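Visitor: Here's the letter readout for the chains.
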Amino acid sequence: GAGVSQTPSNKVTEKGKYVELRCDPISGHTALYWYRQSLGQGPEFLIYFQGTGAADDSGLPNDRFFAVRPEGSVSTLKIQRTERGDSAVYLCASSLQSGMNTEAFFGQGTRLTVV
Amino acid sequence: AQTVTQSQPEMSVQEAETVTLSCTYDTSESDYYLFWYKQPPSRQMILVIRQEAYKQQNATENRFSVNFQKAAKSFSLKISDSQLGDAAMYFCAYRSLDDKIIFGKGTRLHILP
Chain L
49 GAGVSQTPSN KVTEKGKYVE LRCDPISGHT ALYWYRQSLG QGPEFLIYFQ
99 GTGAADDSGL PNDRFFAVRP EGSVSTLKIQ RTERGDSAVY LCASSLQSGM
149 NTEAFFGQGT RLTVV
Chain Y
1330 AQTVTQSQPE MSVQEAETVT LSCTYDTSES DYYLFWYKQP PSRQMILVIR
1380 QEAYKQQNAT ENRFSVNFQK AAKSFSLKIS DSQLGDAAMY FCAYRSLDDK
1430 IIFGKGTRLH ILP
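First to last, the protein sequences are chains L and Y.
Every number in my numbering is 48 more than the matching position in the first sequence, counting from 1.
Every number in my numbering is 1329 more than the matching position in the second sequence, counting from 1.
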C-alpha cells in the first residue's frame, strides 16, 4: 500500500481479554514504531523495531504488552489481560531507516476500547 | 530526560489571519530535530515542518514557518493566511539520537470563518 496501514481501525474488547493490533508499514521501511495516545494527550513511545529486532522497548508499560515483527515488515502489538486503562489510540509509524533525520510516516491508528 | 511542553491547549484564529503556536522543550543534547505534526480527526499524524538544531535558519514550508530559539529551547509554529483546513490538533515533537519521538500534549486549533 501507499501508506502505513493499521488494522482494525477500532476494537472493543472486554476487560481481561487478549487483543492483537496489526501494523503494515510502508514497503521497504526498516524502522517501525508503536505509540499510544490517550485521550487529550500526545502520543507516547512504546517500542521501536529496526528490522526484526526490538531496538528499544523501554516504553512498554508492563509485561502485559508485547510486540513482534518476525519478518521485518508487519508488526503486531499484543496486549494480554486488558484493563480499562489500556483504552487509547495505538499509532504505528515507519521510516525508511532509523535515524532522527528520516521522516516517520504514521498510520491512522487503532482505537482500543476496553469495557 | 527530554520533555516537550505546549502551554496552549486550544487556540482560535480568524480565517486568513496569522496564528502562532508555542512550544518549549528541555534537553541536554546538542544535536536533535524538532517537528510540528498536524493530527486531523482522521487521527493520522501529518508532518508539517521540521528543523535541525544545528541549522540557524528557521524552516519554512509555504504558509508554515517556525521561530527556533535554541538557547531558549523554544520552537514556535506560525501559520499565515489560516485556512479552514488547518483546523486540527498540532503537536510539537523532539527527536534525537535514540530515535524516539517525544511529543507535547498538543494544541487544538480552531479556524473561525
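Honestly, the hints are just simulated from the structure, not real lab data.
Be aware that one or more of the hints could be misleading.
[Unchecked claim] Lysine-lysine pairs mimicking DSS-like chemistry, simulated, CA-CA at most 30 Å apart:
#1 Y:LYS1434 with Y:LYS1384
#2 Y:LYS1434 with Y:LYS1399
#3 L:LYS63 with L:LYS126
#4 Y:LYS1407 with Y:LYS1384
#5 L:LYS59 with Y:LYS1434
#6 Y:LYS1434 with Y:LYS1402
#7 L:LYS126 with Y:LYS1399
#8 Y:LYS1407 with Y:LYS1434
#9 L:LYS63 with Y:LYS1399
[Stated by the list, open to error] One side of the interface only, derived from the structure: several residues of chain Y facing chain L at Cβ under 7 Å:
#10 TYR1354
#11 GLU1358
#12 PRO1369
#13 SER1371
#14 GLN1373
#15 ARG1424
#16 SER1425
#17 GLY1435
Just so we're clear, the structure is a prediction, and the values are computed from it rather than from any experiment.
Note that the Cβ used here is the ideal one computed from N, Cα and C, for glycine as well.
Visitor: Indicate, hint by hint, whether the structure satisfies it.
Guide: Hints and how they fare:
| no. | hint | result |
| --- | --- | --- |
| 1 | Y:LYS1434 with Y:LYS1384 | 25 Å, holds |
| 2 | Y:LYS1434 with Y:LYS1399 | 21 Å, holds |
| 3 | L:LYS63 with L:LYS126 | 14 Å, holds |
| 4 | Y:LYS1407 with Y:LYS1384 | 18 Å, holds |
| 5 | L:LYS59 with Y:LYS1434 | 24 Å, holds |
| 6 | Y:LYS1434 with Y:LYS1402 | 17 Å, holds |
| 7 | L:LYS126 with Y:LYS1399 | 39 Å, violated |
| 8 | Y:LYS1407 with Y:LYS1434 | 18 Å, holds |
| 9 | L:LYS63 with Y:LYS1399 | 46 Å, violated |
| 10 | TYR1354 | 12 Å, violated |
| 11 | GLU1358 | 10 Å, violated |
| 12 | PRO1369 | 10 Å, violated |
| 13 | SER1371 | 6 Å, holds |
| 14 | GLN1373 | 5 Å, holds |
| 15 | ARG1424 | 4 Å, holds |
| 16 | SER1425 | 6 Å, holds |
| 17 | GLY1435 | 5 Å, holds |
Of the hints listed earlier, those the structure fails to meet are numbers 7, 9, 10, 11 and 12, in rising order.
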